[in-house]
Each structure stands twice: as C-alpha cells, then as structure tokens.
Amino acid sequence: MKHAYVFPGQGAQAVGMGKDLYDNVPEAKALFEQANDILCFRITDIMFAGTDEELKQTKVTQPAVFLHSVIMAKALGVKPDAVAGHSLGEFSALVVSGALSFEDGLKLVSKRAMAMQAACEAQPGTMAAVLGLEDSKVEEICASIDGVVVAANYNCPGQLVISGAVEAVEAACAKAKEAGARRALRLPVGGAFHSPLMEPAKKELEQAIEEAPFRTPTCPIYQNVDAKPYTDPAAIKANLIAQLTAPVRWTYIVKNMLADGVTEFTELGPGAVLQGLIKKVDAGVAVESKSTL
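Using the working numbering, the first residue of the sequence shown is number 3, and each one after it goes up by one.
Don't read these hints as lab results, they were simulated from the structure. Predicted model only: the values in this text are computed from it and were never measured. Fair warning: there could be bad hints in the mix.
Each computed DSS-like pair below joins lysine-lysine, with the alpha-carbon atoms no more than 27 Å apart [unchecked claim]:
hint, residue 1, residue 2
1, Lys4, Lys230
2, Lys177, Lys81
3, Lys81, Lys205
4, Lys61, Lys292
5, Lys76, Lys31
6, Lys4, Lys31
7, Lys204, Lys4
8, Lys257, Lys230
9, Lys58, Lys4
10, Lys205, Lys4
11, Lys139, Lys281
12, Lys239, Lys257
13, Lys61, Lys204
14, Lys177, Lys139
15, Lys81, Lys239
16, Lys61, Lys31
17, Lys177, Lys230
18, Lys139, Lys31
19, Lys113, Lys205
20, Lys76, Lys61
21, Lys81, Lys31
22, Lys257, Lys205
Label-pair restraints from in silico Cβ distances [said to hold, decoys possible]:
hint, residue 1, residue 2, range
23, Met116, Asp54, 19 to 29 Å
24, Val287, Leu133, 14 to 24 Å
25, Val287, Thr233, 32 to 42 Å
26, Glu123, Gly263, 28 to 38 Å
27, Glu35, Asp148, 29 to 39 Å
Glycine residues also receive a C-beta, built at the ideal position from the N, C-alpha and C atoms.
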C-alpha cells in the first residue's frame, strides 16, 4: 500500500489560508516568518487578511500556495511514498520530498512568479477550459488554428485546458463547441501559462534552477512534463526547466501512480481541486484533502 502526497497550483488560493497553522503551530509560525524575511514583504498579511485581488497577483499567489502546502506537510510530519504537484505544486512536492530546501524552493517559486508575471505583461495571453471532448480532438483543434494555442493542462478525462494568444484561444473554443464540447470557456487567468508564450520566463528561470542545490529526493516525484517518476537531481532539474512551456499531464500522473501501486492520495494545501480531478481518473481510489490541521 503506497501513500502519495499531491500539491495544488495557482488558483487554489483563498484569503485566510494557513492562518490556523500560524496561530497554533510554533514551528509553522517560524517558517512563515522566515518566508516574510526571504520575500522582503509580509506575505502572511495578504494570505491571512488581504483582499482577493491582492492574493490573486501572481507574485503573491504562487509563494502563498507553496507556503501553505509545504508548511502543512511539515506540520503533519508526512513521509510519502510518492509525490506530485500540479504546475506550481511541483515545487511544493520537491521540497516535501527533500529534493530542495524550504529556502531554495521559496526563492525559486518567487523568481518563477516574477518571471511569469513579466512574460504575461510583455505578451498578453489567456487560457480556456474545454470540457467533454477527447484529448486527441482538442489537440487536433489547436493544431488547426492560426496563431499560438496549445493543450496546457490535461486535468482529467474530458477536461483539458488550452493556452495561448487571446484570439487563437477564442477561435479554438469556437471550434471545440462546433465539435461537440460540453463547454469551452475562458479562465480568469493573467496569461498563457504552459504555452510557448512563457518562453521568456523559462529562459529567466533556467539559470536559477541550474544554480540551485538539488538533492536526491526521499521518494519518487512524478513530474508534469511526461508524468513519469524521477529521483535523479539532474533529470528533475531539466524537467522543471521544461515545465513552464510544456503541458501539465495530470491525468497521466495519476494513472501512472495508480499503476505503480499508489492506493491513497492526500492533497496538501488550499482547496480540494486535485482531490476532485483524481476521483475523475479513478472514482474508487482513497483521496483526502487537508488545508487545516
């Protein structure tokens, strides 16, 4: 029997996240305060009592979700048999598995957020969820559109998020509806994540990832780019660099974990998005989400 810990990405955030940990667990409070020092602003003020708009800024959201997930894991003292994270959540998974230190993980997440924010401002883009079509059909539609639009998040069977230039994404949505999609709607995101439009951010992040001290994790990490398990630090780094412009293959991560003997999943961090996606891959698997102690 194997137990996997999984970590959410951007979009799972909510005001108040992590406050019970800060108030009730001295070690958690110390880590949150360390994070405030590393980031050079009091992210805890925004997490615990800010507005939705303040928390939605990429430079805040990504470190906030990372902090909640990692500090929750440390408070529980988890020892997973396998880990995975959705997009940003891959950094949380790396820290919890021991591949990265808390401080190095937070620094990379902050740099990633800033680089992605800059890429979004330099070249506006968007994302859209397509529901009710086969993955191959959505890929075919994206390939037929003039302009940049690609499959970005393979979330669960029948749910694929596309990403790219605004007009191209809108054209793909129209074609998806014609092809029988149940829904094809734009998402309230600041840019075209996991698409070629993130290339400037990837270049900026690459050097920071190369220079960061990675260690061999205590358990395999199933990475976004190809959904396979890794323990080799060099391979983990290469996959992490590729991640910004490559799709998140979440459906296939869950399928591979199940095939490798994982029988229980725990989602750590804000929300319960991954719990729902995992259930759509296999309705019978044991899944729980923990955002508070």
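Honestly, which of those hints from before does the structure not fit? 2, 3, 6, 7, 9, 10, 17, 18, 22, 25, 26 and 27
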